[in-house]
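One gets this note's numbering by counting positions in the sequence shown from 1 and adding 25 to each.
There could be a bad hint or two in this list.
As the list claims (entries may be wrong) - With a cut-off of at most 35 Å between alpha-carbon atoms, the simulated DSBU-like pairs for lysine-lysine come out as follows:
id: 1; residue 1: Lys31; residue 2: Lys187
id: 2; residue 1: Lys245; residue 2: Lys84
id: 3; residue 1: Lys148; residue 2: Lys31
id: 4; residue 1: Lys97; residue 2: Lys84
id: 5; residue 1: Lys102; residue 2: Lys242
id: 6; residue 1: Lys97; residue 2: Lys116
id: 7; residue 1: Lys148; residue 2: Lys102
id: 8; residue 1: Lys31; residue 2: Lys116
id: 9; residue 1: Lys187; residue 2: Lys203
id: 10; residue 1: Lys31; residue 2: Lys84
id: 11; residue 1: Lys167; residue 2: Lys203
To be verified - If you anchor each label on the Cβ, the simulated ranges turn out as follows:
id: 12; residue 1: Glu124; residue 2: Glu164; range: 42 to 50 Å
id: 13; residue 1: Tyr82; residue 2: Trp46; range: 14 to 22 Å
id: 14; residue 1: Val53; residue 2: Glu141; range: 46 to 54 Å
For the record, the hints were derived by calculation from the structure and aren't laboratory data. For each residue, glycine too, the CB sits at the ideal point set by N, CA and C.
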Amino acid sequence: MLNNIKAVIFDLDGTLVDSMWMWREIDVEYLSQFDIEVPSDLQQAVEGMSFSETAQYFKERFNLPDPVEVIKMEWNKMAWDKYGNEVPLKKGVIEFLEELRSRGIKTGIATSNSKELVEHVLKSLNITEYFDSVRTSCEAKKGKPAPDIYLLVADDLQVDPKDCLVFEDLALGIMAGKGAGMRVCTVFDPYSEDDRDRKRKLADYYIDTYFDIFEDKVEKLA
26 MLNNIKAVIF
36 DLDGTLVDSM
46 WMWREIDVEY
56 LSQFDIEVPS
66 DLQQAVEGMS
76 FSETAQYFKE
86 RFNLPDPVEV
96 IKMEWNKMAW
106 DKYGNEVPLK
116 KGVIEFLEEL
126 RSRGIKTGIA
136 TSNSKELVEH
146 VLKSLNITEY
156 FDSVRTSCEA
166 KKGKPAPDIY
176 LLVADDLQVD
186 PKDCLVFEDL
196 ALGIMAGKGA
206 GMRVCTVFDP
216 YSEDDRDRKR
226 KLADYYIDTY
236 FDIFEDKVEK
246 LA
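Please model the entire structure based on the sequences and the hints provided.
Laid out in structure tokens, this is it:
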């Protein structure tokens, strides 16, 4: 899988860190302030959106009184402690990052999360030093499945997109990586298990954990 790869670019939530459960809790807690129940289609509706796009969607769909910037600030505040104390790395992440470093392969993060939270969780987990570029969809101006975020990171790393490998847990993220002309490995996450078949059809590889890479258990899909 790493043959001829010069850079590996990771999504963050659900891919590098086990945090998708947290955002469900935050949606419930946040909307309850306005006596609004979380609609069953909410997660699917905002999948791939940037942090700013998601806040704008919430404001319009739920007719919220707060400006978009205030909504984002509130989400950052609600997520801060959880990211600092409750969100773990996915299994095998450190070992894989060390392997990439030993091979001289560049690394980046392309996430829909906020810059503040990304920097906070990387620092809390002591992995900031492993990444040569960290970008958000807000910086790319377009959320996934647009390829912009992955192309932006590849440009930072000065690596041709065809020489990049992406790790993603959601279908729209896989589409973003493929749209950028990169190979994509999809990662198991309980949050997106219902979408497993679609993810496998879109991606080039599948892993349950990063330990699969060392144990020759990577499933080639395409």
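These are the hints, each one checked on the structure:
1. Lys31 <-> Lys187: OK: Lys31 and Lys187 at ~9 Å, within 35 Å.
2. Lys245 <-> Lys84: violated (41 Å)
3. Lys148 <-> Lys31: holds (25 Å)
4. Lys97 <-> Lys84: Holds. Lys97 to Lys84 sits at ~11 Å (cutoff 35 Å).
5. Lys102 <-> Lys242: Cα-Cα ~39 Å, so violated.
6. Lys97 <-> Lys116: holds (29 Å)
7. Lys148 <-> Lys102: holds (17 Å)
8. Lys31 <-> Lys116: holds (23 Å)
9. Lys187 <-> Lys203: Measuring from Cα to Cα gives roughly 10 Å; hence the hint holds.
10. Lys31 <-> Lys84: Measuring from Cα to Cα gives roughly 41 Å; hence the hint is violated.
11. Lys167 <-> Lys203: Distance ~16 Å between Lys167 and Lys203 Cα, so the pair holds.
12. Glu124 <-> Glu164: 42 to 50 Å: Between Glu124 and Glu164, where Cβ atoms are some 28 Å apart, the hint is violated.
13. Tyr82 <-> Trp46: 14 to 22 Å: Once the Cβ atoms are compared, 21 Å apart, the range 14 to 22 Å for Trp46 and Tyr82 holds.
14. Val53 <-> Glu141: 46 to 54 Å: violated (22 Å)
In terms of the numbered hints stated before, the structure departs from hints 2, 5, 10, 12 and 14, listed from lowest to highest.
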